[in-house]
Amino acid sequence: MKFIKKYYFELLLILPLAIYILGFTIVPILKTILLSFQDKNTGAFGFSTYQYLFAKKDFNLAIFNTIAVTIVGLTFQLVVGLFIAMVLKYNFKGKGLVRSLVLLPMGVPTLVSGVTLLYIFGTQGYLNELLYKLGIITKPIAWTSGGIKNIFVIAFADSWKVLPVVVLLLLAGLESIPNDVYEASAIDGASKTQTFFYVTLPLLKPSITMTMILRAVDSFRIFELPKILAGRVTPFLATYAYDEYSYNNLNASAAASTILLLIIIIFMVLYFRFVDRGEGVKGEK
Amino acid sequence: MKSRKFISKLFFYLGIILIVLFMTIPVYILFRVSFAVPEDVLTSHPKFLITRFEFKHWEQVFRSGNLWPPLYKSFIVATFTMVLALIIAAPASYAISRFDRKIKYAIILTLFFTRMFPNVGIALPISVTFLKWNLMDTNLGLVMAHLIEQLPFIAWILVSTFETIPIDLEEAASIDGAGRLRTLLKIVLPVAAPGLAVAAMFTWLNSWNEFTYALYLSLTTKTLPLQIYYYVLRGGFFQQAAYSTILTIPVLIITFALQRYIRSDYLGGAIKG
Numbered sequence: 452m453k454f455i456k457k458y459y460f461e462l463l464l465i466l467p468l469a470i471y472i473l474g475f476t477i478v479p480i481l482k483t484i485l486l487s488f489q490d491k492n493t494g495a496f497g498f499s500t501y502q503y504l505f506a507k508k509d510f511n512l513a514i515f516n517t518i519a520v521t522i523v524g525l526t527f528q529l530v531v532g533l534f535i536a537m538v539l540k541y542n543f544k545g546k547g548l549v550r551s552l553v554l555l556p557m558g559v560p561t562l563v564s565g566v567t568l569l570y571i572f573g574t575q576g577y578l579n580e581l582l583y584k585l586g587i588i589t590k591p592i593a594w595t596s597g598g599i600k601n602i603f604v605i606a607f608a609d610s611w612k613v614l615p616v617v618v619l620l621l622l623a624g625l626e627s628i629p630n631d632v633y634e635a636s637a638i639d640g641a642s643k644t645q646t647f648f649y650v651t652l653p654l655l656k657p658s659i660t661m662t663m664i665l666r667a668v669d670s671f672r673i674f675e676l677p678k679i680l681a682g683r684v685t686p687f688l689a690t691y692a693y694d695e696y697s698y699n700n701l702n703a704s705a706a707a708s709t710i711l712l713l714i715i716i717i718f719m720v721l722y723f724r725f726v727d728r729g730e731g732v733k734g735e736k
Numbered sequence: 010m011k012s013r014k015f016i017s018k019l020f021f022y023l024g025i026i027l028i029v030l031f032m033t034i035p036v037y038i039l040f041r042v043s044f045a046v047p048e049d050v051l052t053s054h055p056k057f058l059i060t061r062f063e064f065k066h067w068e069q070v071f072r073s074g075n076l077w078p079p080l081y082k083s084f085i086v087a088t089f090t091m092v093l094a095l096i097i098a099a100p101a102s103y104a105i106s107r108f109d110r111k112i113k114y115a116i117i118l119t120l121f122f123t124r125m126f127p128n129v130g131i132a133l134p135i136s137v138t139f140l141k142w143n144l145m146d147t148n149l150g151l152v153m154a155h156l157i158e159q160l161p162f163i164a165w166i167l168v169s170t171f172e173t174i175p176i177d178l179e180e181a182a183s184i185d186g187a188g189r190l191r192t193l194l195k196i197v198l199p200v201a202a203p204g205l206a207v208a209a210m211f212t213w214l215n216s217w218n219e220f221t222y223a224l225y226l227s228l229t230t231k232t233l234p235l236q237i238y239y240y241v242l243r244g245g246f247f248q249q250a251a252y253s254t255i256l257t258i259p260v261l262i263i264t265f266a267l268q269r270y271i272r273s274d275y276l277g278g279a280i281k282g
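Protein sequences appear in the order of chains A and B.
Start counting the first sequence at 452; every next residue gets the next number (my numbering).
Start counting the second sequence at 10; every next residue gets the next number (my numbering).
Treat the hints as calculated values from the structure; they're not laboratory data.
Check the hints yourself; a few may be wrong.
Below 16 Å or equal to it, Euclidean Cα-Cα: the simulated EDC-like pairs (lysine to aspartate or glutamate) are [said to hold, decoys possible]:
{"id": "1", "chain 1": "A", "residue 1": "K540", "chain 2": "A", "residue 2": "E626"}
{"id": "2", "chain 1": "B", "residue 1": "K195", "chain 2": "B", "residue 2": "D177"}
{"id": "3", "chain 1": "A", "residue 1": "K456", "chain 2": "B", "residue 2": "D177"}
{"id": "4", "chain 1": "B", "residue 1": "K56", "chain 2": "A", "residue 2": "E580"}
{"id": "5", "chain 1": "B", "residue 1": "K113", "chain 2": "A", "residue 2": "E461"}
{"id": "6", "chain 1": "B", "residue 1": "K65", "chain 2": "B", "residue 2": "D49"}
{"id": "7", "chain 1": "A", "residue 1": "K457", "chain 2": "B", "residue 2": "D109"}
{"id": "8", "chain 1": "B", "residue 1": "K111", "chain 2": "B", "residue 2": "D177"}
{"id": "9", "chain 1": "A", "residue 1": "K453", "chain 2": "B", "residue 2": "D109"}
Just chain B, with the same shape it has in the complex (with noise of 0.2 Å):
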């Protein structure tokens, strides 16, 4: 009875190791590629240990200049994308989470519709229109374009987050006289602030790796994902790891900053990362 229990203990532990290990080996992959001496990966025997690490690739990236327009312009890109975003939907989901249960369900279906469009049916009207308006390769157009995905994600989390704010809050700073635009800002919005950032973060996150309308809207600049892809095409090996590395890190950090926050309704409203 007691080595029957020991097996399925072992078992159960086994079956940890592979989930653990089918999670982070291409974790590792990319990491080691990127640090390697060309010999010990471009053969048909690649090496799964580091033995040795080599900087030259990384030296290459950041002598090259192409990086810095490409960083600086996803960075901007998404900052901006994240506080529209935030200036939009953040009073839209407070007054959507302060509706009767019937019309608020209606809306957050709707919303969660619009999410169901393929993104290349609308990024192609939209870089019709965007080429008559001169935006193609400007941050304003992907800026524009990237709320289109964002401002229905973030107005999902939000609601919920607002949800949580007892009315009552509102009701005792009515009975002091606070007009409603008044209580909004110096009652309900200071209340929601964590909740407010955590949802500016994913948002940023999503601006910062969005690919689909980058692709449709860049013609000669490119940002961070479409350096990759281009190093892709190309077939830069290293350069692939690389950008790719420098692309991950900050959504490493922040997605696990904010683990403890990421909760089914935020996946409701669809985190990919």
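Okay, chain A solo, but in the shape it has when bound (with noise of 0.2 Å):
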């Protein structure tokens, strides 16, 4: 009561925001859940929903393509956004404009870097022909055929759109790194390779950690990138359920998106446990 009568101005003004996530997220995801436990037909409370999923082959090539996506363009991100913020932390001729033109992808809608992902990895496109004037190929290749190349093709199209948001959180964390560690660290004799593996990585770790938790999250959810560039070859965990729900498979399509919800929770709880142990989020705000 304490409580009520010290904040009752606040508790007033964060009420209609609590009020509307609660019934427009927290109740539907309870709902999604609960519906995903019920018999399409039935309506009894068991896992036929599951079993009847686990049964298909596409929802587990579902599963197995939207982790593969996941690890494949983190990879990708983490690294070569590593490298464009550790270039952008010098200082050269030219620098703001370089910034800018690495902030780019930042103003291009999602929807559209696939359109135009579509117009360099289409049988027809761009990739193909720059590597046929190369001299690499003769024939052209079908980049979005399916299988594992296409998992390659929207790890690509993910990590070209999301790179300025990591370079920029990654940036951040380098900027953060006082200057006397790297002068303390030259003074002891240390290489550049040792410097960037025993001090920067170590102090970098919570930009790290916010990075990959914001990226893993939306990459674990990716739904317009396969709509455009894959279609109904490869499935991923929410195109799925996407499908489910277009055929009116509502059970099915609430036990995908459970699923989904899983494989994140699952991978933050592992994450926190083996790689963080809880100093990032902490370092945050």
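The two chains are supplied separately, each in an independent frame; assemble them into the complex guided by the hints.
Below, the structure is given as structure tokens:
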């Protein structure tokens, strides 16, 4: 009661936001989870929807693809993002312009980046033409015809789009490392590689954690890019859930979403348990 | 020694050129295709350089009558989403920023975790409910759906905006006899106005680009992203490029205008653009 008395004005201000999030986010998620445990025909509670899903080849493929695209995409984004961030930490002529150009994909909607990469990875697209001109291939490669190639194309598309965010997050982390740390390691005679692995990376850990978590959650939920670039050839969990919805299989759609939520939660738990041990998020904000 | 320095410098600039090319080429190709003469791009050997312009696709886009309804819908939905998000989230964010540290972090983490939920999982029961409420295909329905994603986003940004406003300012006002609501409206909000404006514009962009909820909640009407998707499915090679360019222009302008405001705490709220 004391709490309410002390904060009545604040609570009043928060109320609309809280009600909205409760009614339009928490309740729907609970409804989805509940729906996923109901049988489509009888409405009885049980695991029949899950049995139906796991018996389907497409669904298992969707789980595999979702995890694969996250691993491939995140690896690429962290490596390339860190590289670009380190370059941008130096002072050089035209740095402002380069920084702006690196931010360019941020100004391109995700959907549009999918369309653009369609022109690049299409069978008659620009990548094939480039490889042809360079003499690497003679016959065009069908990049988006399905299978593992599609995963790489989508991971690439996703990476291109989000690299600015990754670069900015890592750059902020790099810039927060004080210079005397580097001076000290130079005095101790550390080589550049040693400095990178024993000084920069450990100090960058909070930023890397933040980036990993934000990116992984988005990457698991990937939806627009596969819809544009892969159609139904390469299912992902989110697009699979939509497909079941569009066939009016609401229970199956709900179950696919629940599995997706479960994967995200498992990832977070494992990450904080084994990689970060709770130092990352606390360092932020 | 000198030549070694020269070589490492050369590699450095080569790296920069590669980075810039990597980031810009896809945008160039989009622009290029939207103005291309069909023979230049619709072959197995598309041309890289622009040698001639063709405005026919653009004329078709403007004349077909397929442009204005989605453009209008996207604009209206994005604008109302922005206004409502501000009205609901701004006071709440102010309140959150004035709580004790512990409560504040708990609320911020809760906001963060709502971002974790798969949006297909939220969109499913929402679309079932909206079907019952007759909100399918309406602007109101889409605004309400977009608020689901945008409220945590804008609140996350605004909490850090309000945190920077010193509490002394309010104390001074309350000594002068102003009530708390009056203090908020007359003192705090005007000081926070620039931050509010930036956050609002990002919200507008997010709604303008939104695809998932629009797909779930639209049966006959289309937003601009849905129109692009429609042409992707139908294989409208040039329409895709032209509509994509139209969708991109405001995003590009606003993103670059607001470039210096993009800080890492904004990114925590996940700007995707």
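- Message: Are any of the numbered hints broken by this structure? If so, which, sorted upward?
- Response: The structure conflicts with hints 3, 8, although it agrees with all the remaining ones.
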